[in-house]
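*Asks:* Sequence:
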Amino acid sequence: MSAVPPHRPSGPITSQFGARAPAYLDGLNAEQREAVESTEGPLLVLAGAGTGKTRVLTTRIGHILATRRARGSQILAVTFTNKAAREMKERIAKVVGATVEGMPWLGTFHSIGARILRRHAELVGLRPDFTILDTDDQIRLIKQLLSAENIDEKRWPARQFASMMDGWKNRGQLPKDVSEADAGWFANGKGKKLYTDYQARLKTLNAADFGDLLLEGIRLFKENPEILAQYHDRFRYMLVDEYQDSNTAQYLWLRLLAQSRDGKSQSNICVVGDDDQSIYGWRGAEVDNILRFEKDFPGAKVIKLERNYRSTSNILSAASHLIAHNESRLGKTLQTDVGEQGDKLAVTSVWDSEEEARQVGEEIEQFQRQGDYLNDMAILVRASFQMREFEERFITLGLNYRVIGGPRFYERREIRDALAYLRIIANPVDDLALERIINVPKRGLGDATLQIVHDTARAANIPLVAAIRDLVETEELKPKQRSTFREFLRQIDDWADRMRTIPHFELAEQVLDESGYTAMWQNDKSADAPGRLENLKELIRSMEEFENLGGFLEHIALVMDRDSGDASDDAVSIMTLHSAKGLEFDTVFLPGWEEGLFPHQRALDESGLAGLEEERRLAYVGITRARKRCRISLAQNRRIHGLWQSAIPSRFLDELPTEVVEVTDTGSSYGGYTYGGRQTTRFDARDPFDSVYETPGWQRAQRQQQSRKSPGPLTIDGDLVARSSGPSAAYDVGERVLHLKFGYGTVTATEGNKLSIDFEKAGPKKVLDSFVKRG
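One rule links them: number in our numbering = place in the sequence shown (from 1) + 1233.
Be aware that one or more of the hints could be misleading.
Claimed, not checked - Straight-line Cα separation of at most 30 Å, DSSO-like style, residue types lysine-lysine; simulated pairs:
1) Lys1455 / Lys1423
2) Lys1376 / Lys1409
3) Lys1387 / Lys1423
4) Lys1861 / Lys1537
5) Lys1758 / Lys1316
6) Lys1327 / Lys1316
It should be emphasised that the hints constitute simulated quantities derived from the structure, not laboratory data.
Because the structure is a prediction, the values reported are computed rather than measured.
I would like the entire structure built from these sequences, with the hints used as guidance.
*Replies:* Structure (structure tokens):
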């Protein structure tokens, strides 16, 4: 590799291009231009949401090339997605045209890691043509190792160990670096040995997995300083996008490349990121990497991009006020360049999630009538299970929608699996449903066994389940397979009998538990497993709205038959907050701002204060996706364990500035919540006629929730979702009651502990029975 730099011009940039600066600098604000032209030494560009960081990054690369500070091959630019890399290449080409001498090393951490590793593969025990394993190959290899060690794969799943290894590799840990405490619990102390054997087996196969592309690169640089020195000489300039999302392995790999060549001079490394948008801690991202940049590179220059080109001042004020509650941040305040104050943030309190979906649908239709496009509207949820009610509401209204970052609710794998179980109970001759779940979860039925079942069914022209009943009475199958099929048939028959005696939603939960399907996801340690369990809970909750299983399955068939439309159609976007990063819309709806949902209880339980701060960053990301309008909503009640329970308003609501927020109550729900220290009409559930509280709503309601006892046995992910028994309303239809807020009224309907009451002055309302007394 050549260590001789290209010609580097001297003097100010204007002298190189005549009296006027080059056109590619036009339109940059002062901070952006400073970030582009500060080419020497370490630089942290702290870029807030909507401040034009991508333009700065690409213009900076173009500037280095245009001023001949380096050839293209002497620039390393790292992104997090292939899409971002392609976009960057296109923008650079527009800046410098076709006059670049050599292309920059531009790509993701792993693509560049693979490129370097192939050049020096022999030094880490591989050949240059090594294979990069996909997930299926990785799982297959782990299963072989588990079998060799006589480890029960059902008790110690291969996917669980793959997730463990992924965590170790994300932290830059080779087998020798993993502590016994960290690995010893798996397979009764064999975790570390399995990791060692796995890495050795990869070398034998001349293969690497995704994590090795950086892990082996780190080892290459540490064990071969002469190789590292070559890359020090090659890369004159280094640029990193979305630095706040880097994990430990990426950080260590980058640090090695960015070290000064002689131990004295400074590296020309520029990282661009936003500590307030670090939301991927659950997959290994370390916000500390960006927070300690100045410590890692003494004398580093910090430039803050705080001029937002996306949102109105009210939106930015709310977002800045909220994120200021985080302690672990470098600090910046966004200022709008839009030039208008805009609408206040609307916070709406509704009775339940069904009413929340209805309210959002009505607002979208209203904006549509005003001439707004559906493409400019988005619903950003904290958890994917929240999507179901919005999807069903939009189908009812005939509103086009698209789900970003995943399938529609009823098209998700876990939902389709659960529905297949229910279909085979309702219709035993449904071969398609049986094929889907016959070996899910794994029952030890191989392809050869299933082929015999198919051949038997075709030969006799009978359904698959009938073929199985015949085969268990003959000798075509081995005893183990016959025993497995007998147990499966026994379960189906038992479930079919129960369908006549218990509510269909209780049956559904029993089916998922007894089939082992719930346990399969509980034992899965992948990042999306908890979300799949939440979706299963939501599916069971949704069944309570139907009289029987047949009616529910017919509804699902009609929903899934709906044409999804062309991708270019005008449609509302529905996605999780994590999927929304980097996007923007005129109108953003943020539903479900309730304690336990947002901030999510799992994040608080697993990560404490760090988890809370990441949840707050997620709220910040959600608000700053909005250009013109931001609509926040919370449900006062959610159906839990088959009963209506009061939900607790998110603590984030109390952290929004009152001057830019407008709070509304739909009028169909009981009470409200305390916002910004103002007194409202929520009462203590222990005594509905006590005085009004004046403490912040979420704190008061949190005390209220802690006084309740946890009901019933545990099923899906620790919760009993379906429940037909339990306390019913203490009042009868036609009974006269008194409500402190709404006055006297007559009970017109009951549903569990929820009452529909026709009040003499306030009209029809829905309230909890604990908030009334006999009048």
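*Asks:* What hint numbers does the structure not satisfy?
*Replies:* The structure breaks none of the hints.
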